[in-house]
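The lines below spell out each chain.
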Amino acid sequence: MFNQLFPNVDWVKMWEATYDTLYMTVISTGVTFVLGLVIGIVLFLTSPHQIWANKIVNFLTGSLVNIFRSIPFIILIILLIPFTKYLLGTIRGVNAALPALIIGSAPFYARMVLIALREIDKGVIEAARSMGAKTSTIIWKVLIPESFPALLSGITVTAVTLVGYTAMAGIIGAGGLGNLAYLEGFQRSREDVTILATIFILIIVFILQWIGDAITAKTDKR
Amino acid sequence: MIELKDISKIYRTKNGEITAVNDVNLSINKGEIFGIIGYSGAGKSTMIRLLNGLEKPSSGTVEVNGQKISSISGTQLRQARQKISMIFQHFNLLWSRTVADNIAFPLEIAGVPKAERAKRVKELIDLVGLSGRENAYPSQLSGGQKQRVGIARALANNPEVLLCDEATSALDPETTDAILELLLDINKRLGLTIVLITHEMHVIRKICRRVAVMEAGRVVETGDVLQVFQNPQAEITKNFVMQVSGTKESKESIEQILVNYPTGKIVKLTFIGNKTEQPVISQIIKDFDVEVNIVHGNITQTTSGPYGTLIVQIDGKPNQVEEAFKLLATREIQAEVIDHV
Chain F
0 MFNQLFPNVD WVKMWEATYD TLYMTVISTG VTFVLGLVIG IVLFLTSPHQ IWANKIVNFL
60 TGSLVNIFRS IPFIILIILL IPFTKYLLGT IRGVNAALPA LIIGSAPFYA RMVLIALREI
120 DKGVIEAARS MGAKTSTIIW KVLIPESFPA LLSGITVTAV TLVGYTAMAG IIGAGGLGNL
180 AYLEGFQRSR EDVTILATIF ILIIVFILQW IGDAITAKTD KR
Chain Z
0 MIELKDISKI YRTKNGEITA VNDVNLSINK GEIFGIIGYS GAGKSTMIRL LNGLEKPSSG
60 TVEVNGQKIS SISGTQLRQA RQKISMIFQH FNLLWSRTVA DNIAFPLEIA GVPKAERAKR
120 VKELIDLVGL SGRENAYPSQ LSGGQKQRVG IARALANNPE VLLCDEATSA LDPETTDAIL
180 ELLLDINKRL GLTIVLITHE MHVIRKICRR VAVMEAGRVV ETGDVLQVFQ NPQAEITKNF
240 VMQVSGTKES KESIEQILVN YPTGKIVKLT FIGNKTEQPV ISQIIKDFDV EVNIVHGNIT
300 QTTSGPYGTL IVQIDGKPNQ VEEAFKLLAT REIQAEVIDH V
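Line by line, the protein sequences are chains F and Z.
Numbered according to numbering that gives the first Met the number 0, the first sequence spans residues 0 to 221.
Numbered according to numbering that gives the first Met the number 0, the second sequence spans residues 0 to 340.
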C-alpha cells in the first residue's frame with residue numbers, strides 16, 4: 000500500500016536522510032545544551048547584584064548573543080561557509096552543517112538559560128552563600144538543579160527549532176530530510192517524496208517534544 | 000561573642016545614598032537569645048546579614064566568635080559561615096531536593112563523607128521532629144515543617160551562632176509558637192547563641208533574654224526584655240510593648256469607665272516577676288474603705304519571668320484612696336494614674 004501511495008520513494012535514501020537529520024539534530028542539540036548553558040550562566044552571574052557582577056563582561060556576552068540570535072539562519076549558513084571550510088575542509092555533508100547549527104542555536108538557548116536562572120528564588124542562592132558555598136558549588140548544586148525543568152523545556156524547544164534548521168542546511172547540501180525533500184521531491188516534481196519527508200520530520204518533532212515533556216514533568220518537584 | 004563596633008552601612012543608589020545602618024554598637028553574649036525588633040525598613044535585615052558577611056559594613060567592625068567577619072573574605076569567610084548559620088522567613092529550601100538532601104547540603108559544602116552525612120541527617124531529622132518525612136519534597140510540606148527543615152539544615156555543621164531572619168513571620172500563630180519552642184529548646188540543649196530579627200513583640204517576649212529596638216538604622220533602645228517591657232523609653236518601644244500587653248484595646252474600655260465612673264481614680268498597675276502572684280487587690284479592699292473595679296488585666300510570660308498589667312478604678316474617700324496608693328508603693332508595684340486617654 001505504501002508503494003502505491005508513495006510510488007517514487009526510494010526507501011534506502013529515505014532512511015539515510017532520516018538518519019542524517021537525526022544525527023545533525025542530536026549532535027547540535029547536545030553541543031548547544033553545553034555551550035548555551037555556559038553562556039547563560041556567565042550572563043546570569045555577571046548581571047548586576049550577582050556573584051560575578053561585571054558590567055563589561057555582561058555587556059560583551061549579551062551583545063554577542065544578540066548579534067548571532069538576530070542573523071537569519073539561512074544567511075548565517077552562508078556567512079559561515081569560509082569558517083566551516085577552514086574547520087572541516089569541506090562545506091558538504093552532515094558534519095559541515097554542525098558549526099552553523101550550533102552557532103545559530105546556542106545564543107538562542109543561552110537566552111532561555113538566562114530566563115530559567117532568573118526564575119530561581121534569590122533567597123535560595125543567598126541561603127547557599129550563607130552556608131559557605133563556593134561559586135562552583137552554587138552553579139552545580141543550586142543553579143542547575145533548581146532550574147532543571149526550565150532548562151529541559153528550553154532545550155526541547157531548541158531541538159525542535161534545530162530540526163527545522165537542519166532542513167534549511169540540507170538545501171545548501173548538508174543532507175538529511177530537508178535535502179531529500181528539495182532535491183528528490185521538489186526539483187523532480189515528485190510530491191510524494193516531499194510529503195513523506197515532511198511526515199518524517201513531523202514524527203521526529205513530536206517524539207522530541209514528547210521526550211522533553213516527559214523528562215521535564217518527572218524532574219519538576221515544585 | 001558578637002561585637003559590633005561603630006557600624007554604618009550606606010547603599011549608593013541612583014537616587015542618592017541610603018543609610019541602612021547608622022552608627023550601631025552592640026554586643027551579644029555567648030549562649031543568649033538576642034532579639035532585634037523594628038518595623039520594615041528599620042535596617043534589621045542589613046544588620047543580621049552583617050553578622051555572616053553577606054553584607055559588608057561601610058565602616059566599623061563586626062566580630063563573631065573571635066573572627067573579624069567584616070574584614071575576612073574567600074575561603075576564610077566561607078569557613079566562618081559554616082559556624083554561623085541562618086534561617087529565613089521564606090525558608091529558602093532547594094525544591095529539587097528531598098528533606099534529607101536539603102539537610103545534607105551544608106554537610107556536602109563542608110566536605111563531610113557520605114556515610115557520616117547520612118548519620119548526621121538522621122539525628123537532625125529526629126531533633127526537629129520530622130521523622131518519617133525525610134523523603135518528602137519541600138512542596139509537600141507545611142510552612143512549619145519547612146521551617147523545621149530550615150532549622151535542621153542550619154544546625155547541620157554544629158554552628159556557634161544561629162541567625163534567624165524573620166523566621167516565624169510567614170507562619171500562623173500556633174506554628175510560630177511551636178517553632179519558637181523548638182528554638183528555645185535548641186538554645187538550651189546545644190548552648191548556641193541565637194540572634195533573631197522580627198517585627199513581632201510576641202516573638203521577643205517569648206524567647207529573648209535581651210532586645211535591641213531599631214528605628215531608621217539606629218538602635219534606639221537595648222536592654223533585658225523584662226526591663227524594656229516594664230519601662231519602655233523610646234516611643235517606638237512603647238508601641239511594640241502595646242502589641243503584647245493589650246493596652247491598646249483597653250483604651251476604649253477605659254474611656255467608657257471614665258464616663259461611667261467620674262469619681263475615683265483609674266490606675267494602671269504594672270507587676271513584674273513574682274509580684275504578679277501577690278493578692279494586693281484583695282488586701283486594699285480589706286484594709287481600706289475603697290471600691291475596686293477591674294477594667295483590664297493581662298499577664299505576659301517572658302523568659303525572665305511574668306510581666307502583668309492591671310487597670311483598675313479605685314473609688315472611695317480621698318484619704319482612703321491615698322492610703323491604698325501608699326500600700327501599693329511599699330509593694331514595689333508601679334502605679335500610674337490615668338486621667339485621660
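Because the hints were derived from the structure by calculation, they are not lab data.
Any given hint might turn out to be false.
Unchecked claim - Per label pair, the in silico range of CB-to-CB distance: (1) I206/F <-> I9/Z: 55 to 63 Å; (2) G29/F <-> E16/Z: 13 to 21 Å; (3) Q139/Z <-> W10/F: 47 to 55 Å; (4) R117/F <-> K55/Z: 33 to 41 Å; (5) I17/Z <-> V25/F: 20 to 28 Å; (6) I206/F <-> Y38/Z: 19 to 27 Å; (7) I9/Z <-> L87/F: 53 to 61 Å.
Bear in mind that the values here come from a model prediction, so they are computed numbers and not experimental data.
For each residue, glycine too, the CB sits at the ideal point set by N, CA and C.
Hint check results:
1. I206/F <-> I9/Z: 55 to 63 Å: For I206/F and I9/Z the Cβ distance comes to about 58 Å; the hint holds.
2. G29/F <-> E16/Z: 13 to 21 Å: The hinted range 13 to 21 Å is violated for G29/F and E16/Z, with Cβ atoms some 50 Å apart.
3. Q139/Z <-> W10/F: 47 to 55 Å: Given a distance of about 51 Å, which is inside 47 to 55 Å, the answer is holds.
4. R117/F <-> K55/Z: 33 to 41 Å: 25 Å Cβ-Cβ, so the 33 to 41 Å window is violated.
5. I17/Z <-> V25/F: 20 to 28 Å: violated (52 Å)
6. I206/F <-> Y38/Z: 19 to 27 Å: violated (57 Å)
7. I9/Z <-> L87/F: 53 to 61 Å: holds (57 Å)
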